[in-house]
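Q: Listed below are the residues making up each chain.
Number of protein chains: 2
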Amino acid sequence: MDFLTDGKLVISGAAGMIGSNMAQTALMMRLSSNVCLYDPIAAPLEGVAEEMYHCGFDDAQITFTSDIKTALQGAQYIVSSGGAARGPGMTREDLLKGNAEIAAQFGKDIRTFCPNVKHVVVIFNPADITGLITLLYSGLRPSQVTTLAALDSTRLQSELGKYFKIMRNKITNCRTYGGHGEQMAVFASTASVNGRPLTDLIGTPELPDAEWKKIQEKVIQGGKNIINLRGRSSFQSPSYLSLEMLRAVMGGEPFRWPVGAYVDDRRFSNIMMATETELTPDGVALREVKGTAEEQKDLELSYGHLCALRDEVIKMGIIPEPSQWRTLNPNL
Amino acid sequence: MDFLTDGKLVISGAAGMIGSNMAQTALMMRLSSNVCLYDPIAAPLEGVAEEMYHCGFDDAQITFTSDIKTALQGAQYIVSSGGAARGPGMTREDLLKGNAEIAAQFGKDIRTFCPNVKHVVVIFNPADITGLITLLYSGLRPSQVTTLAALDSTRLQSELGKYFKIMRNKITNCRTYGGHGEQMAVFASTASVNGRPLTDLIGTPELPDAEWKKIQEKVIQGGKNIINLRGRSSFQSPSYLSLEMLRAVMGGEPFRWPVGAYVDDRRFSNIMMATETELTPDGVALREVKGTAEEQKDLELSYGHLCALRDEVIKMGIIPEPSQWRTLNPNL
Numbered sequence: 000m001d002f003l004t005d006g007k008l009v010i011s012g013a014a015g016m017i018g019s020n021m022a023q024t025a026l027m028m029r030l031s032s033n034v035c036l037y038d039p040i041a042a043p044l045e046g047v048a049e050e051m052y053h054c055g056f057d058d059a060q061i062t063f064t065s066d067i068k069t070a071l072q073g074a075q076y077i078v079s080s081g082g083a084a085r086g087p088g089m090t091r092e093d094l095l096k097g098n099a100e101i102a103a104q105f106g107k108d109i110r111t112f113c114p115n116v117k118h119v120v121v122i123f124n125p126a127d128i129t130g131l132i133t134l135l136y137s138g139l140r141p142s143q144v145t146t147l148a149a150l151d152s153t154r155l156q157s158e159l160g161k162y163f164k165i166m167r168n169k170i171t172n173c174r175t176y177g178g179h180g181e182q183m184a185v186f187a188s189t190a191s192v193n194g195r196p197l198t199d200l201i202g203t204p205e206l207p208d209a210e211w212k213k214i215q216e217k218v219i220q221g222g223k224n225i226i227n228l229r230g231r232s233s234f235q236s237p238s239y240l241s242l243e244m245l246r247a248v249m250g251g252e253p254f255r256w257p258v259g260a261y262v263d264d265r266r267f268s269n270i271m272m273a274t275e276t277e278l279t280p281d282g283v284a285l286r287e288v289k290g291t292a293e294e295q296k297d298l299e300l301s302y303g304h305l306c307a308l309r310d311e312v313i314k315m316g317i318i319p320e321p322s323q324w325r326t327l328n329p330n331l
Numbered sequence: 000m001d002f003l004t005d006g007k008l009v010i011s012g013a014a015g016m017i018g019s020n021m022a023q024t025a026l027m028m029r030l031s032s033n034v035c036l037y038d039p040i041a042a043p044l045e046g047v048a049e050e051m052y053h054c055g056f057d058d059a060q061i062t063f064t065s066d067i068k069t070a071l072q073g074a075q076y077i078v079s080s081g082g083a084a085r086g087p088g089m090t091r092e093d094l095l096k097g098n099a100e101i102a103a104q105f106g107k108d109i110r111t112f113c114p115n116v117k118h119v120v121v122i123f124n125p126a127d128i129t130g131l132i133t134l135l136y137s138g139l140r141p142s143q144v145t146t147l148a149a150l151d152s153t154r155l156q157s158e159l160g161k162y163f164k165i166m167r168n169k170i171t172n173c174r175t176y177g178g179h180g181e182q183m184a185v186f187a188s189t190a191s192v193n194g195r196p197l198t199d200l201i202g203t204p205e206l207p208d209a210e211w212k213k214i215q216e217k218v219i220q221g222g223k224n225i226i227n228l229r230g231r232s233s234f235q236s237p238s239y240l241s242l243e244m245l246r247a248v249m250g251g252e253p254f255r256w257p258v259g260a261y262v263d264d265r266r267f268s269n270i271m272m273a274t275e276t277e278l279t280p281d282g283v284a285l286r287e288v289k290g291t292a293e294e295q296k297d298l299e300l301s302y303g304h305l306c307a308l309r310d311e312v313i314k315m316g317i318i319p320e321p322s323q324w325r326t327l328n329p330n331l
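Protein sequence lines, in the order shown, are assigned to chains A and B.
Counting along the first sequence from 1, when you hit position 113 you're at 112 in numbering that gives the first Met the number 0, and nothing is skipped either side.
Counting along the second sequence from 1, when you hit position 103 you're at 102 in numbering that gives the first Met the number 0, and nothing is skipped either side.
These aren't lab readings, by the way, just hints derived from the structure by calculation.
Any given hint could be a false lead.
Note: identical chains are not told apart, hence a pair may lie in one copy or across any two.
To be verified - Cut-off 25 Å, straight-line C-alpha distance, at most; resulting in silico cross-link-like pairs (DMTMM-like, lysine to aspartate or glutamate):
hint	residue 1	residue 2
1	K213	D57
2	K164	E100
3	K161	D57
4	K212	E100
5	K314	D208
Looking at chain A on its own, in the form it has when it is part of the complex (with noise of 0.2 Å):
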């Protein structure tokens, strides 16, 4: 089996849990001949390239650095896991302007080293937020930057699948858009279970108010979940997803699922967040999102969340106020 692409594919943070996996995952999926491995701590970084050569991974050449000039000079395309994990003592607002401010650093790096790269998947957290901050200092167009957004539709889909007892793959077309955790919009009216809209279950016997109000607070919870069962945070999950959003990007099997993008028109502006895209060679394109009166209200409640979040990085200066932004950006 060939690679998708035979481009620079670079993965940052390759030396933690989720970027580890990434390596792996991608030359599993044969996404690229070229490969290069980025992190700023260099030991086990150097373990996760020996881990990738002692797999026989044989015709991919994969290389590892911890100068992000080598890494990202030539990269076609990037994933990039790199953010800071929530210390001890830290505050979720320490956090906030700690990855926001590995994000604009990273927009730069981009500028200066890349600036022909093709796409850019940003899945560090508050993903939304840090793409945006990439997309912002990076100077790409919107086409060119993605989050993950995938995960909470995922996770509606795992725990339909369990109240009804069926096969995962009966249960169609889960959406959640908007932002991610509590901020998130849980949309019923796209889905159905085994060929039967969602909606004309919900409040029946079948699956009374009650217990798709504890789905969706599943759906919420669910990295929570994985935290409390595993002691850590989910990996995998995210690793496979973003690297799925690569290969549509790269020309293999489309996309899925809702994708972080750029959305700025009349209904919402200067945001990024999980919407209905398609991912194509030619980058993320945005699809109208359909749902009920109540699912757009429950949407427009987010991108409000999204917004407040987005402001409090203006006022840490990481970003400038919206009106600024084609200056530092010309392709929005």
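Guided by the hints, dock chain B onto chain A, whose structure is given.
A: Frame of chain A, contents of chain B only:
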């Protein structure tokens, strides 16, 4: 892409680093549409299953259980990384005894709950010994039980690739046989570098003897090097390669590396060790180990080391003397 089989694949030790990687790898390789994750530690196991659901692997039945009977019933393929890790204050002998006892129980459980299993791959350390014990107690045929023994060969390929600064797929047919670690027999005469026999290069300016010695040492220390670099044992490469073994047994791509298999001929008897084999849906078949007189002597030395390790386990009372083995397992 279809699954290779609908037969039940059991991943034992699925809550661990290797096991959880195996879950994802098996699903990505499309090995089986029926994957059962087993681990005595229930909460992290559930966390791994959740991660697999959140990946969107939605056309496979993915179950999890901490009940060994539920796990093994109906199993057609098993891969087990379910050994204990070396804890603080534990001697090498403690670890050997602990994992030997786990292997004995594992073999008995197979005999009780899934005597019709097709193939079992054992990868917890020391795998040559735990695999042998599993074979003895399971009552399976020698063709049905194999152990992971490829890592040393892929490490040889990797080190030669680094030394000669060429792509690893230009380094072909790397082989180490016999035991693992200090006891392995690193063969040179099987390998080629860019089409030239490695033995033609050793002892020349292209690869002076001292450099070849260094390479052999790096191969032997390959696992320890990962621990030094990453602060944890290798888990991605053992996971990946053991599932490549199962893929071959399921009728997929042939396996390219040595395999740990039961050997009992005129030269080597009553032992499991890395040897030349072919993995097919009929299981593992032994093939001739070719090498120079000196390499064959190294292999005999390595065999001697393994026999000593096996005899330790006999003295511990975990397995009987070889003369009694046929009573325990008439298929030997």
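Q: When Cα atoms must be at most 25 Å apart, do K314 and D208 count as within-copy, between-copy, both, or neither?
A: Neither, since 40 Å and 64 Å both go past 25 Å.
Q: My question is about K213 and D57: at a cut-off of 25 Å on alpha-carbon distance, are they close within one copy, between copies, both, or neither?
A: Only across copies: K213 and D57 sit 22 Å apart there, 47 Å inside one copy, limit 25 Å.
Q: Quick one: K161 to D57, C-alpha cut-off 25 Å, is that within a copy, between copies, both, or neither?
A: This pair counts as between: shortest inter-copy Cα distance 12 Å, intra-copy 40 Å.
Q: Cα distance capped at 25 Å. Does K164 pair with E100 within a copy, between copies, both, or neither?
A: neither (44 Å within a copy, 38 Å between copies)
Q: If the cut is 25 Å between Cα atoms, do K212 and E100 qualify within a copy, between copies, both or neither?
A: neither (37 Å within a copy, 47 Å between copies)
Checked against the numbered hints given earlier, the structure breaks hints 2, 4 and 5 and satisfies all the rest.
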